[in-house]
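Peer 1: Using the hints, position chain B against chain A.
For the record, the sequence lines run as chains A and B.
Using the numbering used here, read the first sequence as starting at 1 and increasing by one per residue.
Using the numbering used here, read the second sequence as starting at 1001 and increasing by one per residue.
Keep in mind that a hint or two might mislead.
Where chain A lies over chain B, by a calculated footprint (3+ residues, C-beta under 8 Å) [to be verified]:
(1) 1103 to 1113
(2) 1116 to 1125
(3) 1226 to 1240
Part of the chain B face toward chain A, derived, beta carbon under 8 Å [claimed, not checked]:
(4) ASP1128
(5) VAL1154
(6) SER1314
I should point out that these hints are in silico values taken from the structure, not numbers from a laboratory.
A virtual CB, placed ideally from N, CA and C, is assigned to each residue, including glycine.
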Amino acid sequence: MGRSWDFQHDNDPKHKAIFHNLQELRHSASLANKVFIQRDYSEGTTCRFQTKFPSELDSRIERTLFEDTVKTLNNYYAEAEKIGGQSYLEGCLACTTAYIIFLCMETRYEKVLKKIGRYIQEQNEKIYAPRGLLITDPIERGMRVIEISIYEDRASSGSSSGSSSTSGTSAR
Amino acid sequence: MNNCEYQQIDPQALSTPIPTPTLPQPTVVVEKEKREKARKKWEVFPGKNRFYCDGRIIVAGQSGVLPLTIGLILVTTGLFFVFDCPFLVKHLTVFIPAIGGVLFVFVVISLLQTSFTDPGILPRATPDEAADIERQIDSSGSSSYRPPPRTKEVMINQQVVKLKYCFTCKMFRPPRTSHCSLCDNCVERFDHHCPWVGNCVGKRNYRFFYTFIVSLSFLTAFIFGCVATHLALRAQGGRGLMFALQESPASAVELVICFFSVWSILGLSGFHTYLVASNLTTNEDIKGSWSGKSGAEDTVNPYSYNTIITNCCSVLCGPMPPSLIDRRGFVPVEASSQTSATEMELPMLPVKKETNVVGGPALSQLPPHAFQCAQGTKDLLGSASRSPCPTTGKPQPVAAADPAVTFNPALISDPAAMPSLTCGGRHHSHTTSPPDEPRHHHHHHNRHHRTRSRRGRGSKRPALHISNPAYNASLSPPSSPGPRPSHTGARDPRRDSIVALH
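If we strip away everything but chain A, and leave its shape as in the complex, we get (with noise of 0.2 Å):
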């Protein structure tokens, strides 16, 4: 299947039971809601999300595992964005090539920013996905929230109005 986390030696039953719907029925996964990871000003306008534990995580996933995601985020973009020797000798190159090199060359941000894509793809693989979350790059939302989706597991909710069609699909 193509697919890096592994259902068959997970043990935990209702793991087993969220893994076993999204395998069968991927596509009938249904979104609950949605956490946004707001920015943290307190340092002044660099790109930093706040630490603080949302409510609405608190069932899915523990917290030291989320505040670690998001500090290594915090890390990452201070990375990026911090104001050094390289970050000068790459300005001042570009301010005496009129800026052209910027047409032709990648600048750290962006190497930074392709880090960032393949650690949040990495946690989700390994973290959220099995816990039926999906965090979305906060690139894609202007970098200002983290946008954490929750996802229901259909099979073990008897109340949602999807589970009709559910057990119509899974019939097939």
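Peer 2: Leaving out everything else, chain B in the frame of chain A:
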């Protein structure tokens, strides 16, 4: 199995194998599902900008006097090279046209970059974000049609800063961000909207703008000096200035243009050098945010590094932030099919919004376009593992996979998500005038005239986005009249003729 009964979906697309982790696959799916060519995000951009070269070049809605600027520069430099340089090369040195050429190239390149670069536009909040923010604000459950101006206070480096809520973009503006009414966008580190350059000056193009005015002041001063030298040399030997002018009339033209430009451009350069050294924006300087003029207590600029060198380096040589609006990425197919399905799903939209938090509607209740995203969601978590690298106008397959991951979840339960890209705020126009440079009169008189003529509701530009007035009217009534109270409330009466406040 295919649980989709709607016509819009190509059954072939839905029956593709479930995990599609490879990047090209989503592109193929996109190709199959689109009826006509897939739209790029710049085509549905809600602001008043215009795009050329398939989204590579962005300009503000009005080009202002950019043609005049370019014309003046080209004409003056052209006349200089044709009429003055031969004489000066013969009598002085060959370096004169060389220096002039270098300066001219710098000026033109930095001007074009200032005009055609995204100044740091913030994309508008998605409906989910906007709803989340509204929930946090309206804890009192106030049902007044015109909500009071919304502000949020944050502490930045031990300084209290008020963040204002932007009714058009539906978000709290980050610090130093301002909404430009001419371009109808929130721009980060907003400096001012420059009509000479035909674009806003913000975080991403401030260094280009600064390079432009500095090199232009050098160029005009250089040409002025050379022309004066030229005329002086010709007038030598007792022949007089009039004789010199008769021999070289082009020099007179250049002299006049340069004389009037050099004062204003040099003044502007000096002003911006001061701003750079103190890490201020024109907007903040005009409003007196940090100089203590408007506030009683001792306010200091929380963004300044307190040394001139560090301030200059951070503003001019800092890392170049990426463009946040992803102009050349593809709009997710849900949006393009939504144009045809809009009238059909319109009555369902209010219902869908409620079901969002309950737990998601049944698949059969979903509007047609949701099935295209259901298709995407089918391999949602598979493609989430290939969560695309942030696109800043880079390879299209990534961009196509991108929407499948990010927009589909929103659409399953909240079809209102898409119109944030499509119908956006073009229907909101603001009554304030844009910020301006107070010391340079040539900016002033244009603004009021233009602002008043820009006012009007419901102006649409169908060529650039998908208009859906019915949707807009039914779903976003609070935002249309919203700006008015906040503008009048927030406007500083001392500055209201020249500053745009939202």
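Peer 1: Does the structure break any of the earlier hints, and which numbers would those be?
Peer 2: Number 3 - this is the single hint that the structure violates.
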